[in-house]
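Enquirer: Protein chains in written order, with the working numbering: chain A, 1 to 254; chain B, 1 to 254; chain C, 1 to 296; chain D, 1 to 296.
Among the hints, erroneous ones may be present.
With a straight-line cut-off of 27 Å between C-alpha atoms, the simulated DSSO-like cross-links for lysine-lysine are [stated by the list, open to error]:
1. D:205 x A:78
2. C:20 x B:99
3. B:104 x D:292
Far from chain B, some chain C residues (derived; all Cβ distances over 12 Å) [to be verified]:
4. 24
5. 62
6. 72
7. 73
8. 152
9. 202
10. 210
11. 239
12. 246
13. 248
14. 269
15. 283
By construction, these hints were calculated from the structure, which means they are not laboratory data. Backbone N, C-alpha and C define an ideal beta-carbon position, used for all residues, glycine too.
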Amino acid sequence: MIQETSPTSIIIDLIKVTKVYAPDVEALVEVSLSIHAGELVFLTGMSGAGKTTLLRLISRMEHPTKGLVEVAGIDLAKLPQRSIHLLRRRIGMAYQDFKLLNDKTVADNIAIAMEVAYRQPAFIEKRTRELLHQLDMTRKYSTRTGELSRGEQQRVAIARAVANYPEIILADEPTGNLDAETTAKVMELFHQLNQNGATIVIATHDSTIYQQATHRIVTLHAGRLRASAFGSPTAFSDTRPNEDSAPTEEALTS
Amino acid sequence: MIQETSPTSIIIDLIKVTKVYAPDVEALVEVSLSIHAGELVFLTGMSGAGKTTLLRLISRMEHPTKGLVEVAGIDLAKLPQRSIHLLRRRIGMAYQDFKLLNDKTVADNIAIAMEVAYRQPAFIEKRTRELLHQLDMTRKYSTRTGELSRGEQQRVAIARAVANYPEIILADEPTGNLDAETTAKVMELFHQLNQNGATIVIATHDSTIYQQATHRIVTLHAGRLRASAFGSPTAFSDTRPNEDSAPTEEALTS
Amino acid sequence: MNFIVILLRQTGRNMFHTWKAQTMIIFTVALSVLIFSFFYLIYFNALHLGEKLGEDLRLIVYLEEEPVESLQEEYRRRILRFDQVMRIDFIDSRQAFERLERQLGQDSDILTGVPRNFLPPSIEVYPVPSLNHLSRIKRFSDYLLTLPGVVKVQYGKDWIDRFYAFIQLMRIVTLLSGILLIMTTTFMVAHTIRLTLLSRQQELKLLRLVGATNTYIRMPFLLEALLQGLLGAACGITALLVLFNWIKLQLAGPLPALAHLPFTFFPWPIILCIVLLSSLLCTVGSYSSTRKILQL
Amino acid sequence: MNFIVILLRQTGRNMFHTWKAQTMIIFTVALSVLIFSFFYLIYFNALHLGEKLGEDLRLIVYLEEEPVESLQEEYRRRILRFDQVMRIDFIDSRQAFERLERQLGQDSDILTGVPRNFLPPSIEVYPVPSLNHLSRIKRFSDYLLTLPGVVKVQYGKDWIDRFYAFIQLMRIVTLLSGILLIMTTTFMVAHTIRLTLLSRQQELKLLRLVGATNTYIRMPFLLEALLQGLLGAACGITALLVLFNWIKLQLAGPLPALAHLPFTFFPWPIILCIVLLSSLLCTVGSYSSTRKILQL
Ligand SMILES: Nc1ncnc2c1ncn2[C@@H]1O[C@H](COP(=O)(O)OP(=O)(O)OP(=O)(O)O)[C@@H](O)[C@H]1O
Ligand SMILES: Nc1ncnc2c1ncn2[C@@H]1O[C@H](COP(=O)(O)OP(=O)(O)OP(=O)(O)O)[C@@H](O)[C@H]1O
Ligand SMILES: [Mg+2]
Ligand SMILES: [Mg+2]
Chain A
1 MIQETSPTSI IIDLIKVTKV YAPDVEALVE VSLSIHAGEL VFLTGMSGAG
51 KTTLLRLISR MEHPTKGLVE VAGIDLAKLP QRSIHLLRRR IGMAYQDFKL
101 LNDKTVADNI AIAMEVAYRQ PAFIEKRTRE LLHQLDMTRK YSTRTGELSR
151 GEQQRVAIAR AVANYPEIIL ADEPTGNLDA ETTAKVMELF HQLNQNGATI
201 VIATHDSTIY QQATHRIVTL HAGRLRASAF GSPTAFSDTR PNEDSAPTEE
251 ALTS
Chain B
1 MIQETSPTSI IIDLIKVTKV YAPDVEALVE VSLSIHAGEL VFLTGMSGAG
51 KTTLLRLISR MEHPTKGLVE VAGIDLAKLP QRSIHLLRRR IGMAYQDFKL
101 LNDKTVADNI AIAMEVAYRQ PAFIEKRTRE LLHQLDMTRK YSTRTGELSR
151 GEQQRVAIAR AVANYPEIIL ADEPTGNLDA ETTAKVMELF HQLNQNGATI
201 VIATHDSTIY QQATHRIVTL HAGRLRASAF GSPTAFSDTR PNEDSAPTEE
251 ALTS
Chain C
1 MNFIVILLRQ TGRNMFHTWK AQTMIIFTVA LSVLIFSFFY LIYFNALHLG
51 EKLGEDLRLI VYLEEEPVES LQEEYRRRIL RFDQVMRIDF IDSRQAFERL
101 ERQLGQDSDI LTGVPRNFLP PSIEVYPVPS LNHLSRIKRF SDYLLTLPGV
151 VKVQYGKDWI DRFYAFIQLM RIVTLLSGIL LIMTTTFMVA HTIRLTLLSR
201 QQELKLLRLV GATNTYIRMP FLLEALLQGL LGAACGITAL LVLFNWIKLQ
251 LAGPLPALAH LPFTFFPWPI ILCIVLLSSL LCTVGSYSST RKILQL
Chain D
1 MNFIVILLRQ TGRNMFHTWK AQTMIIFTVA LSVLIFSFFY LIYFNALHLG
51 EKLGEDLRLI VYLEEEPVES LQEEYRRRIL RFDQVMRIDF IDSRQAFERL
101 ERQLGQDSDI LTGVPRNFLP PSIEVYPVPS LNHLSRIKRF SDYLLTLPGV
151 VKVQYGKDWI DRFYAFIQLM RIVTLLSGIL LIMTTTFMVA HTIRLTLLSR
201 QQELKLLRLV GATNTYIRMP FLLEALLQGL LGAACGITAL LVLFNWIKLQ
251 LAGPLPALAH LPFTFFPWPI ILCIVLLSSL LCTVGSYSST RKILQL
């Protein structure tokens with residue numbers, strides 16, 4: 001792999017990371033994982049395996065109990081409180097529970113990520129419309145997010161995560177409430193951003209979105225890294241979802 | 001079909017139901033649907049098609065703009081405010097947004113549904129443990145639900161919905177955050193309850209859980225009922241998820 | 001039976017789990033009751049004080065000459081025709097002189113050689129005291145002057161003016177503060193209850209969704225509010241009692257004049273009233289707050 | 001430059017979207033400022049009132065016999081040795097008699113035949129007024145009695161006792177209410193701000209998560225709090241001014257004695273102080289509330 005021969009391009013680096021939630025929930029146990037700049041990685045594992053915890057460590061929403069987390073060359077344990085925003089602006093995260101402001105409109109919710117980076121209003125509006133168009137939600141531009149269906153909310157959360165062209169995109173179960181057709185649209189968006197250079201980590205249960213991809217698949221099992229394999233070589237954009245599926249876990253752990 | 005020859009056993013009956021959210025969102029348009037007692041129905045459709053709205057109408061969380069909704073022989077429009085609890089006790093709903101009390105423990109959250117029906121504490125504890133065991137969450141009995149992973153929360157929501165043996169179970173996207181293995185466990189629970197006589201409506205995008213089932217599949221498309229078909233005759237419990245998938249929408253609309 | 005057990009358990013659990021909010025509400029109620037009853041107590045005592053001090057008040061009507069028995073009757077009749085009075089005394093020159101002598105005490109020797117009847121005879125009229133009778137006394141005085149044979153009417157105008165001005169000022173201040181404060185505290189309690197309920201709105205809605213009756217949902221809250229009202233009021237009244245005794249102690253030292261005034265704490269019925277009113281208000285507030293949420 | 005525009009837009013948008021909570025806070029602040037400044041105004045005026053009324057106060061020292069010039073000097077020296085005074089007047093028998101005649105006015109004819117020197121000579125001492133000098137005056141009086149040739153010291157004991165008792169009572173009431181109320185209102189404002197922030201906690205946390213700097217998040221809130229404090233205080237002070245004039249009007253009618261008293265509203269510097277203090281408090285409250293939330 002190209003990435004493995006050029007270690008300087010590692011953008012996310014976890015070394016023997018352990019995360020124990022008080023009092024004794026071992027969410028992650030000695031996980032070591034390196035993700036290269038420009039990679040698209042799928043993170044899978046059973047419910048409660050520690051996927052969300054891993055992503056939260058990368059965006060410094062949690063501190064590891066043990067081990068080292070480095071993002072873009074910065075040791076997060078040494079990052080002072082007042083500089084976190086610099087890290088966060090480089091990361092776009094689509095949260096599993098969305099974290100939308102239900103009283104604000106869809107446009108406002110997406111705009112937030114760009115406003116904190118002092119983007120021009122014209123840019124913000126253009127980008128928001130473009131994303132909504134891509135996610136098939138043009139008509140909901142000025143609807144309050146509280147009045148959206150759950151799947152629509154999920155798309156808004158994704159749009160907000162990618163709006164400001166972050167270097168790193170962390171998507172936590174981005175298609176849990178989406179039908180196959182919409183899922184395909186979302187994945188297309190991710191692939192497009194990935195081609196433009198963004199590093200993307202997608203935590204998901206949905207085997208239809210990763211089994212045909214050429215990308216790396218990382219599997220967690222009860223907080224331990226089980227396997228780090230590559231999907232089938234079929235290019236994602238050429239395959240239609242729901243058409244064919246290969247057995248997943250068995251293949252990966254082999 | 002047996003159900004169609006014995007119309008007395010219709011438990012959920014929607015006749016030309018239209019739901020328009022202010023100002024002009026047509027969530028449902030002239031939907032007519034009859035569900036028989038003891039049936040298990042899958043409700044599918046794209047994100048924003050109106051699945052949740054349909055379920056909310058059945059549990060009287062919304063009033064239809066036009067049309068008639070009858071549940072267990074009661075015209076919901078004529079049900080007085082003070083008698084709603086009688087309807088709600090017969091329905092168990094797993095909400096798409098869970099509606100868990102994050103400050104309370106898993107056990108407390110599940111107990112709520114039984115406490116309002118004045119069940120004995122001993123019964124409540126036994127039932128809670130049994131459900132948690134079935135859903136593989138025994139260890140989380142007294143964890144605050146706010147500290148669970150999203151998939152674990154989803155299972156608690158499902159457990160609460162079915163805890164008090166309701167006649168009607170409405171499950172809104174019950175497996176959106178669950179991996180294949182856990183999904184199978186949840187579906188097994190539903191099937192078991194269905195066999196004991198409960199009427200179950202499952203709104204879902206997850207084709208893996210309905211495509212092999214023998215049950216009726218109702219598809220909504222932009223608020224309109226598109227098709228009401230039956231899945232492949234393979235018995236669900238005999239098939240393993242993620243193994244084979246048939247094209248869905250195309251088959252159903254034919 | 002079963003319902004009562006569940007109700008009590010539920011209430012207990014709620015109160016235990018939200019003890020922070022509970023403390024907040026009880027504190028708020030206690031503060032409100034304290035403030036309200038503080039001002040009420042002041043007003044209550046000011047009323048008594050006015051009455052007590054008003055007893056000293058008399059109008060002295062100086063007459064041209066000693067009135068005969070029948071004329072005394074006539075005066076009495078005319079005075080009573082104008083207004084109720086507490087007492088009417090007729091003082092002749094001799095009595096007036098004796099009284100002056102008594103008042104001068106040691107210094108009475110300065111009266112040697114003065115004729116015993118150099119002071120004019122007078123009628124002393126003690127009006128029925130009321131807090132607000134300064135203007136009435138003025139009118140009374142004016143009326144008395146029109147009676148035949150009356151030379152002059154005296155009533156310690158300066159003293160009364162000042163004294164009543166103060167009583168009046170205090171009344172206005174107390175009333176206004178009272179109104180302001182009752183507004184504030186009612187607002188505070190309502191606000192606090194509403195906000196606490198709002199934070200539990202999710203729970204209420206969920207209970208409604210899983211098929212709880214309104215009674216089931218509401219009773220624990222009402223019971224809770226009742227307890228809060230009782231406890232808060234009890235704390236508030238206790239604090240007031242402590243404060244009251246402290247003030248009395250403070251005043252007793254430097255101001256013996258006040259120590260003799262009839263400062264009293266509320267009698268039991270009023271205390272009971274305040275406590276009951278407080279719990280009633282809390283319960284009603286809670287009831288109306290839950291009502292809105294339960295319209296689901 | 002750009003930051004300021006964003007800041008202002010953000011603040012405006014926030015305030016517009018949450019106008020209900022905004023109104024609540026401004027109302028709370030206004031009420032608090034009103035209550036606080038109401039009591040402060042009473043206290044402020046009571047101080048002046050005490051001074052003004054205290055000016056009338058004098059101690060009359062009755063002497064055995066007319067003091068000669070040198071003795072007068074001696075008295076003056078001794079009096080000044082004990083305490084500061086405003087004025088010392090020597091009144092001989094004749095002056096005392098004339099004054100009595102003047103006081104009796106019409107009725108001065110009752111003095112016919114009384115010897116012109118039947119009243120004793122006296123010294124009138126006007127102490128420096130201060131609100132709290134009742135006990136000092138007593139000590140003063142006791143001291144004066146020990147001077148040679150002094151027969152008796154009078155100082156309108158009853159009147160003073162009562163008057164100062166009232167002033168004292170009012171002071172204590174005002175101070176206590178003031179303390180109670182400042183506690184209450186501070187608590188109220190803090191509580192309201194905290195709760196409002198709590199309801200926007202989600203938004204603050206999200207801003208932090210998408211990479212906003214603390215300044216970016218906090219500035220709109222601080223600006224908002226500042227404006228709330230300013231507006232609230234302005235409303236409160238205005239309400240007080242209206243109230244003040246209303247009270248004055250109320251008192252002017254039935255109580256002309258009070259109309260002449262020097263009731264004044266706050267001078268501008270104090271108003272400014274109150275307004276600034278209010279906005280400062282709101283800002284500090286907001287700052288410390290956001291601090292906790294931003295520790296993410
Ligand atoms: N409270 C509401 N107010 C206004 N519009 C609403 C409201 N709830 C839903 N809608 C709209 O009604 C339509 C149907 O929503 P519904 O939630 O029923 O969709 P759904 O099929 O459940 O979608 P999903 O799969 O994404 O959950 C959507 O367009 C949604 O935006
Ligand atoms: N805040 C928390 N406090 C305590 N335990 C937690 C907390 N968050 C997560 N956990 C526990 O840590 C484990 C891993 O959680 P995590 O959310 O990372 O799982 P996940 O892989 O994202 O699962 P899912 O697919 O269900 O979202 C779970 O057992 C969960 O109960
Ligand atoms: Mg997760
Ligand atoms: Mg839905």
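Enquirer: Each hint should be assessed against the structure and marked as holding or not.
Expert: Structure-based check of each hint:
A threshold of 27 Å between alpha carbons decides the hint, and for residue 205 of chain D with residue 78 of chain A the separation of about 21 Å falls inside it, so the pair holds. Taken as a hint, the residue 20 of chain C and residue 99 of chain B pair is honoured in the structure, with Cα atoms around 24 Å apart against an allowance of 27 Å. Distance restraint check for residue 104 of chain B and residue 292 of chain D: the Cα-Cα separation of roughly 24 Å lies within the 27 Å cut-off, and the hinted pair is therefore satisfied. Distance check on residue 24 of chain C: its Cβ is at least 17 Å (rounded) from any Cβ of chain B, clearing the 12 Å threshold; non-interface status holds.
Every CB of chain B is more than 12 Å from the CB of residue 62 of chain C (nearest about 79 Å), matching its label as outside the interface. Distance check for residue 72 of chain C against chain B: the nearest CB is about 78 Å away, which clears 12 Å, and the non-interface claim stands. The claim that residue 73 of chain C lies off the interface holds: its Cβ sits roughly 76 Å from the closest Cβ of chain B, which is beyond the 12 Å cut-off. Separation of residue 152 of chain C from chain B is adequate, the least Cβ-Cβ distance of about 78 Å exceeding the 12 Å criterion.
Under the 12 Å C-beta cut-off, the non-interface status given to residue 202 of chain C relative to chain B is violated; the minimum distance is some 7 Å. A Cβ of chain B approaches the Cβ of residue 210 of chain C within 12 Å, the least distance being about 5 Å, so the stated non-interface status is violated. For residue 239 of chain C, the shortest C-beta to C-beta distance to chain B comes to about 32 Å, beyond the 12 Å cut-off, and the non-interface label holds. The beta carbon of residue 246 of chain C is kept farther than 12 Å from every beta carbon of chain B, the shortest such distance being approximately 42 Å.
Residue placement check: residue 248 of chain C keeps its beta carbon more than 12 Å from all beta carbons of chain B (closest about 47 Å). At the 12 Å boundary, the C-beta of residue 269 of chain C stays outside the reach of chain B, the nearest C-beta of that chain being 39 Å off. Its beta-carbon lying about 20 Å from the closest one in chain B, residue 283 of chain C satisfies the requirement of being farther than 12 Å from that chain.
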